[in-house]
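Starting from the known structure of chain A, fit chain B onto it as the hints suggest.
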Amino acid sequence: MSLAARQRGAAAEGRSGFNTLLVAATLLAALAAPFIIYPVFLMNVLCFALFASAFNLLIGFVGLLSFGHAAFFGAAAYVTAHAAKVWGLPTELAILLGALAAAALGFVVGFLAIRRQGIYFSMITLALAQMFYFICLEVPFTHGEDGIQGVPRGTLFGIVNLDNNLAFYFVVLAIVAAGHLAIWRIVNSPFGNILKAIRDNEPRAISLGYNADSYKLRAFVLSAGLAGLAGGTNAIVFQLATLTGVQWQSSGEVILMTLLGGIGTLAGPPIGAAITVGLQTYLAAIDFPVTVLIGLIFVVCVLLFRRGVAGEILAYIRKRK
Amino acid sequence: MFCIPYVKCLPLIALYGQLLLGLINGSFYALLSLGLAVIFGMLRVINFAHGALYMLGAFVSWWLSIAFGIPYWGALVLAPLAVGVVAVVIEKTMLHQMYRLDPLYGLLLTFGITQVIEGTFRYFYGASGQPYPPPAALSGPLNLGFMILPIYRGWVVLVSILACLGTWLLIERTRIGAYLRAATENPVLVQTFGINVPLMMTLTYAFGAALAGFAGVLAAPIYQVSPLMGTNLIIIVFAVVVAGGMGSILGAIVTGYILGLLEGLTKVFYPEASNIVIFVVMAIVLLLRPAGLFGRAA
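These protein sequence lines map, in sequence, to chains A and B.
Under the working numbering, the first residue of the first sequence is numbered 1, with each subsequent residue one higher.
Under the working numbering, the first residue of the second sequence is numbered 322, with each subsequent residue one higher.
Source of the hints: derived by calculation from the structure; they are not laboratory data.
All the pointers check out, no bait thrown in.
Which residues of chain B face chain A? A few of them, derived with a C-beta cut under 8 Å, are:
id, residue
1, L425
2, L429
3, L430
4, G433
5, E439
6, T441
C-beta atoms are modelled at their ideal positions from N, C-alpha and C, and glycine is treated no differently.
Next up, chain A with everything else stripped away, as it sits in the complex (with noise of 0.2 Å):
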């Protein structure tokens, strides 16, 4: 049985007119929430979010699951911090930069990945990650251990002065909208349903007339456009970039999001987000190794709980039917 299999169906979740009311509730909770809680660690939260939902359109809508995805997430910090830093580029442009640099290290990595299929995609995803970590470490530019650190956070378009939170806030928030956007359209699309096909039967795709790898690619390409949309958003609002975003554990913690929301459903990465990024920030006050922590939630999860939270609020709407 397939990983995104058991949730088929789970994109088509509920009936439209009750989910233009959750997005509407979802986007005004959104709008309020700077004024109540730390603004940084709601951008933190979103940028995580996004990058959740662009890991989950490989896992959950074409059945790929990369254990490399922190190379773009961290790839996009560097070049943004870099480009808005070394280079002075205007933040847009400089977080633009950092996207279009993930989603080309996407296609090479996609390139060799997509040859092999099911655990060896993954294994070559995290190999290939991990290569990524150590020319990290080599080069110069990304300062090794310490970091690009210092980035300037600019303004937007000139105007906006994005050194206070709260305005930078509103900035975050409609990157991480648009990228949601861009993911449900993709999905929802004729593209995206071959996709799906893909994952649920190849043979069959490639024998209906579907390049598959081709499609495949696509896919790649897009989801590690969109994590370096995320990357570089995050790099600008710590105003750092380090080798903690391209190492092998980032990888699994957007994995562990992703589990925990519910593979295959569109809300539920970003709720997986929220979770660990909030138990991570918990976790950080007390005495407690959140290593350990996010291991104990991937086995139950594994274990008992593979549909994530928005899976098993799915079932029990279903079943109520």
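What follows is chain B alone, placed relative to chain A:
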């Protein structure tokens, strides 16, 4: 002196030294990828926890020596057994539920287990290593004439080659191995012949894990015993496995040694690339022969 025109000249001693290091790394790659291949063949699970089990093997031997004064020779037997027992517990309580699911879940589960094991050890022992001296009988150098060989390093290479060959013989030339290969092809049919396939799966996982634990004991005197020793290794071993293809036991062994040696050579001629050379080889193999050097096309 040994020269490659236009590239580099260096004393032969340095070349031999790096080749020996490459051979030692290759030994660990071979032992670990062999275990991964055996487990994957039977269980269809990629055991991410393999690096953590290797680390566990090293830690158990360190404990045995600190707490009970049990020497290296005892650890060489007891530590793999202990790791095997841990593996039985993992398989019986959690991993066996993964067989009917997509193989990706097995990878995710063992990834989670890895995080728990390594996180716990890091919490208690930090990132620094504990020293574990080699036994007296294997200490000291041996003059081979063309180079000075630290005896323990020679021992590691010798023993791991023997362990690899032993495993190969066990699987290819014994009755148990024949059952194992048959169950890999068709578990249902083998079970109808009255062979306890679930038990075989448990034991296969324990055996693969014990191999990792064995490698951990061998590694303890060379690298320090540290919670992080398995983390980076397992990702390299994944690359080795992808490059070699998991279809054949012998393929996993040979690829492990070849890539270890290649890494050693890279350290001599272009040290900056030594960290990534195995990944580069994996990428090249994927381009030219996607099924792996010894793999069969799916």
